[in-house]
Amino acid sequence: MERIYLDNNATTIVDPAVRDAMDPFYCHMYGNPNSLHSYGIEVRPYLHQAMEQLYAGIGARDEDDIVINSCATEGNNTVILGIYFNLLKDTRRKHIVTTQLEHPCIRESCRFLEQHGVKVTYLAPNRDGMITAQMVKEAITDHTALVSVMWANNETGLILPIKEISEVCKERGVYLHTDAVQAIGKLKVDLKDVQVDYLTFSAHKFHGPKGIGGLYIRNGVSLPPLLHGGEQMGGRRAGTVDVAGMVAIGKAMELANAHLAYQNTEVRRLRDKLEDALLKIDDILVVGKRELRTPNTVYVSIRGVEGEALIWDLNQNGIAASTGSACASESLEASPILTAIGADKELAHTGVRLSLSRFTTEQEIDFSIYVINKAVSRLRKLSTSY
Amino acid sequence: MAKSDLIGGELWEQYSDKVAERMNNPRNFGELTEAEAQELGGKLVIANEGAESCGDTVRLFWIVDIKTHIIKKASFKSFGCGTAIAATDMMAEMCIGKTVDEAAKINNLDVEHALRDEEDVAAVPPQKMHCSVMAYEVIKRATSIYRNVDISTLEEADIVCECARVSLQTVEDAIRINDLTSVEEIADYTKAGAFCKSCIQPGGHEKRDHYLVDILARVRAEIDHERYPDKAMSADFEKLSVVKQIKAIEAVLDEYIRPALARDGGGIELEDVQSGENGIINVHIQYQGSCKGCAGSVAGTLTFVEETLQKNLSDKIRGIVV
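Sequence order for the protein chains is V and D.
Heads up: the first sequence runs through residues 1 to 386, numbered per the working numbering.
Heads up: the second sequence runs through residues 1 to 322, numbered per the working numbering.
Incorrect hints may have been included.
Claimed, not checked - Only pairs whose alpha carbons sit at most 25 Å apart, straight line, appear in this in silico DSS-like list of lysine-lysine:
(1) D:Lys18 with V:Lys374
(2) D:Lys73 with V:Lys381
(3) D:Lys197 with V:Lys119
(4) D:Lys18 with V:Lys381
(5) D:Lys197 with V:Lys345
(6) V:Lys289 with V:Lys273
(7) V:Lys188 with V:Lys273
(8) V:Lys381 with D:Lys72
(9) V:Lys289 with V:Lys137
(10) V:Lys94 with V:Lys119
(11) V:Lys381 with V:Lys345
(12) D:Lys3 with V:Lys210
Simulated from the structure, these hints should not be mistaken for lab results.
Since this is a predicted model, take the numbers as computed values, not measurements.
If we strip away everything but chain V, and leave its shape as in the complex, we get:
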């Protein structure tokens, strides 16, 4: 069966060009970049090149740091736990402002700090599914050390007003961290335009491999390392650098930015086509205004159709999507986003996310529209509410 991948906010296919760029480092160029001999010498230029690609990719200045690590979860933990050791532990600044929309790695590391006396505010999204700069402003107190707000939401694709939030943080003298995992490759991330102190990203969300990520640290902003050891990454993150992974994330970043226009036109067109077709189904709800979302994401709630049942049917037809329905996870809580936007309680278990990539084709979207309609009509025939 031909398969169609519409779960690109979960992970993405590795771009063949990225794979080609990685390959030599799994073959003859296996040197440790810390070695003095020729094996080390020959790989270092590739790491410098990757750095150039990454700095250019997010608009970092030469004096800033981009620390290569294993994933955004590591980057986010480094920031949250690092802030604790730098500020929260010994000063009166014992408060973090974050949101209920964040990835579990932010939420759980904040919960962990709460056990150590840190106060955390988890902002609830408004009825549009958004966090506003005003909400952040009101949450900041004299004790706030850090604000952590994602750049774009994984579930809905909603793009948060990071620029305005950064201005609020600057005004109040509070550090700002943003998890940009869902933003890179989908919209322009330019730190010359938006001033943040910490930013995290992960290669596998933009057609790089899994297991490699990056943490941007603005010049002059201190942060102790999470991993102590050798001098790699200027001592900010010890551990032998994953050479192939680092080359890959550099290449993937370059390609992601080169395809931003394509994302904004073609991927957006296909997403809109899919969304328009879905909106023809009765009793369907799409979360978030289209123009406020990343161009690849649509999050739908279809009355009477339980989320996991729908993605089961899609999977039977070779289509991969994901659900916010709690039934699919070990926790049974209703989707926080559907609750937040004030959707009917009956819809809490109906959320399904479809996320495209630059590799998604028009034929795939056409077939998906057909399959989704078929599945919805089958499941509604079974459903108690239809």
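Position chain D against the provided structure of chain V, taking the given hints into account.
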């Protein structure tokens, strides 16, 4: 944690082929009507269970022969995940040909067993077990409707978890039938405690009449007591401090011994607890009321008191009348 727990993420690949097959092609779905019931000369029963806001709902249709009480036809509609649909489909099928009384005995484990491909491999992963509980509850509901038991009596059942409308009885049954040992397992099987979490323990959003931690502790104690009637708590009892031993003895006196003696107008007081040789625990007691001076006290009653204490607490206990 162990080797098999570290990767995680498994869900659908743990479904049996029967679950997948019934999810894709449920055999008994759809509605039954009054017209069909009349045609078959039976009574139509429609029972609803669950709420969409909680993640799944089931509507069960029965046509029951009112003379024989045999369910001639059964079908369902469901809002829920694949497991819920498959379990409900199997449940509806299992009802057909049974009397209402027989059907009422079908529980979620029967449904799960019927969905297995292999005798000793579960049909669904543990976190999906709750989806079959719904199928079991809807049968109870249909039974009450058929028997014309006032629905308000069902509504007023002791509800432990309001979010998922799980009754005390359901929680107790789930613990007993499935031998559950943790609050997390209760949530997997019944959904109780899986939503707002208020009912897990005191201190949540709302104050509740029942808390899962208390129910679990009580039912576990009952199960242990039934399983090991002779040695229910002996190992534990001997390790207790004297104060706690006294409290435990008082509890047994209150629950089993005093009510029995009271029927004859007698009573009993605990005087002392002393440890003897070889781990023997001497329990000194004094009779009250009509037991006092009764010739039977020393022999028959003492044997009763001693055996009851031994059965409930420790076989090392010896009764001594002061």
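Now for the hints, and whether the structure bears them out:
Between the alpha carbons of lysine 18 of chain D and lysine 374 of chain V the distance comes to roughly 23 Å, so the proposed pair stays at or under 25 Å and holds. Distance restraint check for lysine 73 of chain D and lysine 381 of chain V: the Cα-Cα separation of roughly 19 Å lies within the 25 Å cut-off, and the hinted pair is therefore satisfied. For the hint pairing lysine 197 of chain D with lysine 119 of chain V, the CA-to-CA distance comes to about 22 Å; that is within 25 Å, so the pair holds. The straight-line distance between the Cα atoms of lysine 18 of chain D and lysine 381 of chain V is roughly 21 Å, inside the 25 Å bound, and the hint therefore holds.
Note on lysine 197 of chain D and lysine 345 of chain V: the hinted pairing holds, with a Cα-Cα distance of about 17 Å set against a maximum of 25 Å. A threshold of 25 Å between alpha carbons decides the hint, and for lysine 289 of chain V with lysine 273 of chain V the separation of about 15 Å falls inside it, so the pair holds. Our distance criterion of 25 Å between C-alpha atoms is met by lysine 188 of chain V and lysine 273 of chain V, whose separation comes to about 23 Å. For the hint pairing lysine 381 of chain V with lysine 72 of chain D, the CA-to-CA distance comes to about 23 Å; that is within 25 Å, so the pair holds.
A hinted pair counts as satisfied when its Cα atoms are at most 25 Å apart, and lysine 289 of chain V with lysine 137 of chain V qualifies at roughly 23 Å. About 6 Å separates the Cα atoms of lysine 94 of chain V and lysine 119 of chain V, which keeps this hinted pair within 25 Å; it holds. A threshold of 25 Å between alpha carbons decides the hint, and for lysine 381 of chain V with lysine 345 of chain V the separation of about 21 Å falls inside it, so the pair holds. Note on lysine 3 of chain D and lysine 210 of chain V: the hinted pairing holds, with a Cα-Cα distance of about 22 Å set against a maximum of 25 Å.
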